[in-house]
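Visitor: These protein sequence lines are chains H and C, in that order. Each residue of the first sequence is one higher than the last, beginning at 0 in numbering that gives the first Met the number 0. Each residue of the second sequence is one higher than the last, beginning at 0 in numbering that gives the first Met the number 0.
What the hints contain is simulated information worked out from the structure, not anything from laboratory work. This one's a predicted model, so the numbers in the text were calculated from it and none came from an experiment. Do not rely on the hints blindly, as some may be mistaken.
[Said to hold, decoys possible] Here are the simulated DMTMM-like pairs of lysine to aspartate or glutamate, each with C-alpha atoms no more than 25 Å apart in a straight line: (1) H/79 with H/23; (2) C/94 with C/117; (3) H/79 with C/137; (4) H/79 with C/143; (5) H/25 with C/21; (6) H/25 with C/143; (7) H/25 with C/34; (8) C/94 with H/92; (9) H/79 with H/66; (10) H/79 with C/90.
[To be verified] Among chain H residues calculated to face chain C with C-beta under 10 Å, some are: (11) 71; (12) 72; (13) 88; (14) 90; (15) 95; (16) 107; (17) 109; (18) 112.
Using N, Cα and C, we set each Cβ at its ideal position, and we do this for glycine too.
Given next are the chains, with one letter for each unit.
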Amino acid sequence: MKPSAAVIAMALGALLLGGCAQYDSKRGVEVNWQDTVTTQLVNGQSTRRDVLALLGPPSQVIALDGESALYYLFERSQGKGLILLVYNRMQIDTRYDRAIFFFDQDDVLTEFATRLYPTDEG
Amino acid sequence: MKVFCAALTCCLLSACTQWHYDLGAPLDNVALPPENTSLAEALQLLGPPLRMSATDHGFVLAWEHWNIREQSLGFSLGAMGADFLSADWGDMRVKGDFLLLTFNEHRLLTSATRSTWDNDGGGGQSIQPFFNFVSVVDADDLTESMPQHHWGSYLLQSLPGTLNESSSLDSGRGGLQQRGTPSAVGQQSLRMD
Numbered sequence: 000m001k002p003s004a005a006v007i008a009m010a011l012g013a014l015l016l017g018g019c020a021q022y023d024s025k026r027g028v029e030v031n032w033q034d035t036v037t038t039q040l041v042n043g044q045s046t047r048r049d050v051l052a053l054l055g056p057p058s059q060v061i062a063l064d065g066e067s068a069l070y071y072l073f074e075r076s077q078g079k080g081l082i083l084l085v086y087n088r089m090q091i092d093t094r095y096d097r098a099i100f101f102f103d104q105d106d107v108l109t110e111f112a113t114r115l116y117p118t119d120e121g
Numbered sequence: 000m001k002v003f004c005a006a007l008t009c010c011l012l013s014a015c016t017q018w019h020y021d022l023g024a025p026l027d028n029v030a031l032p033p034e035n036t037s038l039a040e041a042l043q044l045l046g047p048p049l050r051m052s053a054t055d056h057g058f059v060l061a062w063e064h065w066n067i068r069e070q071s072l073g074f075s076l077g078a079m080g081a082d083f084l085s086a087d088w089g090d091m092r093v094k095g096d097f098l099l100l101t102f103n104e105h106r107l108l109t110s111a112t113r114s115t116w117d118n119d120g121g122g123g124q125s126i127q128p129f130f131n132f133v134s135v136v137d138a139d140d141l142t143e144s145m146p147q148h149h150w151g152s153y154l155l156q157s158l159p160g161t162l163n164e165s166s167s168l169d170s171g172r173g174g175l176q177q178r179g180t181p182s183a184v185g186q187q188s189l190r191m192d
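The shape of chain H in the complex, shown without the other chains (with noise of 0.2 Å):
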């Protein structure tokens, strides 16, 4: 039985049919940690009330026997695929963009650190 010639252009279109996806995925609490922010901030002096003013509310309250901390958490994933039916590749990249805040017992900031990614480093 000879393929007929609808048939044969399907099948060569379905093999020749390409596609690509891409996605961005975004998850956290909204990025306010720039540098231009946290300047304002000085071990020492600086309290909770003026971390979380700048900040706003934080991903996690971790409870450290009478000190705390507070911590920013904002994930970015970034995918990309190549879909030619008979090979298919997806790549997925995710970066933390976080910020890390300790207070004595008097709320009194001790310590942070914050680390930014470049939005399109992905």
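Starting from the structure of chain H, add chain C where the hints point.
Guide: Below, chain C without anything else, positioned relative to chain H:
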């Protein structure tokens, strides 16, 4: 024509899919700080940790980087209108780094450990009728989002879960664990949820 059709059919019968995950920033070039390093110095060197938990006499901080490569190959007659049988093969490779730093109540480093791995993450083969009931490669527990995103919701679980929140590994008070830790062993096995 027959050869052409046979080659075309073979092409349509199989498909290969690869998933590559890169979670976090590489830690290859990061040196472990020496004992008695202050918290401030450690944070300056490594940045904010990705995981953190209080301990009885201080706290632990952890940094991690995961690289997961998942690939699968499937054969099916679906494209030819006969999707009654499919054969699948899958494999996963897992590479990663994990840094764990322990600080005492004076915020001085008491221990620093590093774990690096490049392992086979499992895989499988299957022949399944009509539907793919079983996935031959499962990376879900390795690619899940960070626990900090769910922190507030821990108090909104059913009563047994809420009562055990303080010992949850994701609460920041009950210790921490790496991705992919089996749930049937260790502290998780004691959870009532």
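Visitor: State for each hint whether it applies.
Guide: Outcome of the hint check:
no. : hint            : in the structure
1   : H/79 with H/23  : holds (9 Å)
2   : C/94 with C/117 : holds (4 Å)
3   : H/79 with C/137 : holds (20 Å)
4   : H/79 with C/143 : holds (18 Å)
5   : H/25 with C/21  : holds (15 Å)
6   : H/25 with C/143 : holds (13 Å)
7   : H/25 with C/34  : violated (37 Å)
8   : C/94 with H/92  : holds (14 Å)
9   : H/79 with H/66  : violated (43 Å)
10  : H/79 with C/90  : holds (21 Å)
11  : 71              : holds (8 Å)
12  : 72              : holds (4 Å)
13  : 88              : holds (5 Å)
14  : 90              : holds (5 Å)
15  : 95              : holds (6 Å)
16  : 107             : violated (14 Å)
17  : 109             : holds (8 Å)
18  : 112             : holds (4 Å)
Checked against the numbered hints given earlier, this structure breaks hints 7, 9, 16; the rest are met.
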